[in-house]
Amino acid sequence: MTSEVSARGYLVNWIVLLGLTALTFGAAHVDLGGWNTPLALAIALTKAVLIALVFMNLLHASFTQRFVLVGAGLLVLLLTGVVLLDARTRFPLATPPGSQRWLHAHAGQLP
Amino acid sequence: MNPASLAPEHPPSAPARAPSYLTAETGPKSWLFTHDHKRIALLYLGTVSFTLILGGVFALLLRLELLTPENTIMQAQTYDRLFTLHGVTMVWLFMIPSIPTVFGNFLLPLMLGAHDVALPRLNLLSWYVFVVGIAVTLIGMIAGGTDTGWTFYTPYSTTSPHEVIPVLAGVFIIGFSTIMTGVNFIVTIHTVRAQGLHWMRLPLFVWGIYGVSIIQILATPVLGITLALVCLESFLGTGIFDPLKGGDPVLFQHLFWFYSHPAVYIMVLPGMGVVSEVLPALCRRPPFNYKAIVYSTFGIAFVGFLAWGHHMFVAGQSTAANVMFGVATMGVAIFTAIKIFNWVGNMYQGQVVFNAVTAYALGFIFLMIFGGLTGVALGTVGLDAHWHDTYFVVAHFHFIMAGPTLLAFLAALHFWFPKMFGKTFSARWSLIGAATTFFGFFATFTPQFLLGNMGMPRRSYAYLPRFQWLHVASTMGASILAAGLLITLFTLIHALFFGERAPENPWDATGYEWACASPPPPHNFEVTPVITRGPYEWPVIPEEARRAT
Amino acid sequence: MRPKSPSNNRRRFGAAPSSAGAAGPADSDCSTRIDPAEALPQIQFQDAVRQRHAASLAVWVFLSTEVMFFAGLIAAYVVYRYDYPAAFSACSHHLERWVATFETADLLTSSLFMALAIHFIQKNARRLSVLCLALAFLGGAAFLVLHGHEYATDAMEGALPGRFYRLAELPAVGAPMFFALYFFITGLHAIHVAVGMGLIGYLVVQLLRGRYSPAYFNPMEGVGLYWHFVDMVWVFLYPLFYLIH
Numbered sequence: 001m002t003s004e005v006s007a008r009g010y011l012v013n014w015i016v017l018l019g020l021t022a023l024t025f026g027a028a029h030v031d032l033g034g035w036n037t038p039l040a041l042a043i044a045l046t047k048a049v050l051i052a053l054v055f056m057n058l059l060h061a062s063f064t065q066r067f068v069l070v071g072a073g074l075l076v077l078l079l080t081g082v083v084l085l086d087a088r089t090r091f092p093l094a095t096p097p098g099s100q101r102w103l104h105a106h107a108g109q110l111p
Numbered sequence: 001m002n003p004a005s006l007a008p009e010h011p012p013s014a015p016a017r018a019p020s021y022l023t024a025e026t027g028p029k030s031w032l033f034t035h036d037h038k039r040i041a042l043l044y045l046g047t048v049s050f051t052l053i054l055g056g057v058f059a060l061l062l063r064l065e066l067l068t069p070e071n072t073i074m075q076a077q078t079y080d081r082l083f084t085l086h087g088v089t090m091v092w093l094f095m096i097p098s099i100p101t102v103f104g105n106f107l108l109p110l111m112l113g114a115h116d117v118a119l120p121r122l123n124l125l126s127w128y129v130f131v132v133g134i135a136v137t138l139i140g141m142i143a144g145g146t147d148t149g150w151t152f153y154t155p156y157s158t159t160s161p162h163e164v165i166p167v168l169a170g171v172f173i174i175g176f177s178t179i180m181t182g183v184n185f186i187v188t189i190h191t192v193r194a195q196g197l198h199w200m201r202l203p204l205f206v207w208g209i210y211g212v213s214i215i216q217i218l219a220t221p222v223l224g225i226t227l228a229l230v231c232l233e234s235f236l237g238t239g240i241f242d243p244l245k246g247g248d249p250v251l252f253q254h255l256f257w258f259y260s261h262p263a264v265y266i267m268v269l270p271g272m273g274v275v276s277e278v279l280p281a282l283c284r285r286p287p288f289n290y291k292a293i294v295y296s297t298f299g300i301a302f303v304g305f306l307a308w309g310h311h312m313f314v315a316g317q318s319t320a321a322n323v324m325f326g327v328a329t330m331g332v333a334i335f336t337a338i339k340i341f342n343w344v345g346n347m348y349q350g351q352v353v354f355n356a357v358t359a360y361a362l363g364f365i366f367l368m369i370f371g372g373l374t375g376v377a378l379g380t381v382g383l384d385a386h387w388h389d390t391y392f393v394v395a396h397f398h399f400i401m402a403g404p405t406l407l408a409f410l411a412a413l414h415f416w417f418p419k420m421f422g423k424t425f426s427a428r429w430s431l432i433g434a435a436t437t438f439f440g441f442f443a444t445f446t447p448q449f450l451l452g453n454m455g456m457p458r459r460s461y462a463y464l465p466r467f468q469w470l471h472v473a474s475t476m477g478a479s480i481l482a483a484g485l486l487i488t489l490f491t492l493i494h495a496l497f498f499g500e501r502a503p504e505n506p507w508d509a510t511g512y513e514w515a516c517a518s519p520p521p522p523h524n525f526e527v528t529p530v531i532t533r534g535p536y537e538w539p540v541i542p543e544e545a546r547r548a549t
Numbered sequence: 001m002r003p004k005s006p007s008n009n010r011r012r013f014g015a016a017p018s019s020a021g022a023a024g025p026a027d028s029d030c031s032t033r034i035d036p037a038e039a040l041p042q043i044q045f046q047d048a049v050r051q052r053h054a055a056s057l058a059v060w061v062f063l064s065t066e067v068m069f070f071a072g073l074i075a076a077y078v079v080y081r082y083d084y085p086a087a088f089s090a091c092s093h094h095l096e097r098w099v100a101t102f103e104t105a106d107l108l109t110s111s112l113f114m115a116l117a118i119h120f121i122q123k124n125a126r127r128l129s130v131l132c133l134a135l136a137f138l139g140g141a142a143f144l145v146l147h148g149h150e151y152a153t154d155a156m157e158g159a160l161p162g163r164f165y166r167l168a169e170l171p172a173v174g175a176p177m178f179f180a181l182y183f184f185i186t187g188l189h190a191i192h193v194a195v196g197m198g199l200i201g202y203l204v205v206q207l208l209r210g211r212y213s214p215a216y217f218n219p220m221e222g223v224g225l226y227w228h229f230v231d232m233v234w235v236f237l238y239p240l241f242y243l244i245h
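Protein chains in written order, with my numbering: chain W, 1 to 111; chain G, 1 to 549; chain H, 1 to 245.
Since the hints were made in silico from the structure, they are not lab data.
A quick note: this is a predicted structure, and the numbers were derived from the prediction, not measured.
One should not assume that every hint holds.
If you only want the chain H side, here are some residues facing chain G, beta carbon under 10 Å, derived [what the hints assert, rightly or not]: (1) Met68; (2) Ala75; (3) Trp98; (4) Ala142; (5) Leu146; (6) Val173; (7) Val205.
What the simulated footprint calls covered on chain W by chain G, stretch by stretch (three residues with Cβ under 8 Å from a Cβ of chain G suffice, anywhere in the stretch; the number is not a length) [said to hold, decoys possible]: (8) 9 to 15; (9) 79 to 85; (10) 88 to 94.
Across the chosen pairs, the derived CB separations fall in these ranges [stated by the list, open to error]: (11) G:Ala427 x H:Ala215: 32 to 42 Å; (12) G:Ala435 x W:Phe67: 55 to 65 Å; (13) W:Thr64 x G:Gly46: 58 to 68 Å; (14) H:Ala125 x G:Gly46: 48 to 58 Å; (15) G:Phe33 x H:Gly158: 45 to 55 Å; (16) W:Phe67 x G:Gly46: 34 to 44 Å; (17) H:Leu138 x W:Val16: 47 to 57 Å.
Using N, Cα and C, we set each Cβ at its ideal position, and we do this for glycine too.
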């Protein structure tokens, strides 16, 4: 896995990453309805991919090395997604007291 | 192996036999600081033999207690600690490490035509970390042990006054050992294969180890972090799993089972690899369908990650999640079934040699079938509502996981005994040991299916009198199982010291590992091999077997 | 058939295993510059290219275990953010965003220097490489200092996990959970930063001793991958904790 990225390439990548950081910081102060979180995550993902492809040389790496991180990433999504699915669809009184679903079930009464 | 590489090595007046890995260096330091994967495998063999006996002693004590409906030899608190320790010891200190660390370590370089694993020093470190983890767990046990069950459910585990933290810490440390082994094996399989050994020529045991290693490295860290969270909560009262502080106990179960369900495949996939390896040799036929076994291994690994919630059907999980997990559970069974059909197809019209190894392999398949069927039944939410937390579940997981892993471990130990030690064992006594072990196992756990169905809850030292006759039957079975294991132990120890010198390839097997000496020299092959045939092709073997040292 | 690589034949099993493990220079003299042509691979590898690939693959596989290590915590975070949206948002606004943004830029810069350090060793510019490593190290140190300051501020206010929580102005249900996750996840990350700094320090020492060259710099690549990964984790933690709308 040679570093086939030039020093200039690294510098450009760095500037792009800083720009994306500024973007995500700015977007957090603007109300985008429900889109703030997905946007922030999308920007974070883009930054992560750039770090991986350029700084970590994944652009020039073997299939196995690329697959490793992608595989782990998919598992993270699986775990998070299913756990969230369960939390969203559980019988409301089986959720932690004070959580939003619990509160809905009690019509606004606090624990 | 290329026969030309074998020819020039043997002058007519052959000198004294070159030293094997066992005798090349002597003294404790040469063992404790070795980089040789074969010696590390033996270090692990000693360690897991100890933990197997330890876990077995716990089991026997439990079964003795269960002979009578009220307390027999211990109080409730002791019983709770014992079943916790039995679970922890058997799962993390024996079953998960056993086949990969002993036979994976020993055989992987041999089967890949290499001189060692990719990362030999990491290999040695993994053993040391394993031993430290066992020591920490033992400290926890001696300090009183924990009574939470091996599943450490919150909020009891975070509020129990007993020694939870050392046991959790020990398991956490062992997890690192597992991860190191997994990393090592993955890198080894990718990078040290001999020339000519492309992916579809890999022995099926290697594929099994590969699948296991992937599951290990991806699942074990989740367990580690979950146990760390429990420790933190126990120590600092963070409230992450405590409903009184807004926490969610079911979240703990999600995180725990996300690891612990793939963990059952970590335990059983190496065993499947062993069976896939010994059956072709003992039936004198290549595998029924090589690719089916390879793909089903990854099918199990992949779908196994989707099914964890079937441990939580009645824990308060949502219906949507229940449905998803139920379907995924059925899916995993398909891949196991593919393997079973393959093994049976392998034996069909083969020239089956019947010995202890065959007995263990057949026992493995038998237990898999019935364990698997009961698993499909348990995967049905409506049925699980009746069986959850009863002995039906206990019998199920012993049938599908504990029994097959143990039998495969013993099968591997017998099959590769001549390779590892250069000695033969008594065919008769090994077969007696195998039959007794299998029969004892069957007799121990079959009554437990009935017990569970009748309503006997698990983890309870006292029970209604109507359950007693089945418990007595189960304890009798456990005694037979213990006897079988003792017979096997003595047979092998006797063979180690007094056994006859084994021929180079007593099974006339085709595996690449049989092409070097038995036991192998320190660097396995005097000349780096070039592979020119598949792993299950006859009849090149006689020339290789004639390669005396 | 003769073996493929002549170097393997040199390692007949007369050699003790540990001596066959020397993947690079002889250790006789600490200040000896190595001759890149002498960098022999270990016995189990057919050539140095395979060994390098193995070293790098090992680190990638290890990084996937680190991803899974954080995965459980992220799952816990996601569930509790879903359960307590208002509390989490309030707590996030309470944290110091500007400091965190600076920390993000700092880690990204540190990553840049790490990448440049490897770039320079491949060009045999050892001194530039050492300089870049030192700057990467300083970047990590700056991160830890700033982060420690954040922790101290929170501790003094009483914004602490679970039963230590004392801050009255944030919702009593949900805020302790936020801070439990905040301290544990960012704390775990900070530990990884500290370990990374130790590894970078080790690299500097080895570089100064002349152990690395364009022909052999596997440990630098490995530590580089680790350091970039640590940066990657922070890239996700930053919006998750500091920028909740």
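**Request:** Enumerate the violated hints, using their earlier numbering and listing them in ascending order.
**Result:** 3, 4, 5, 7, 8, 11, 12, 13, 17
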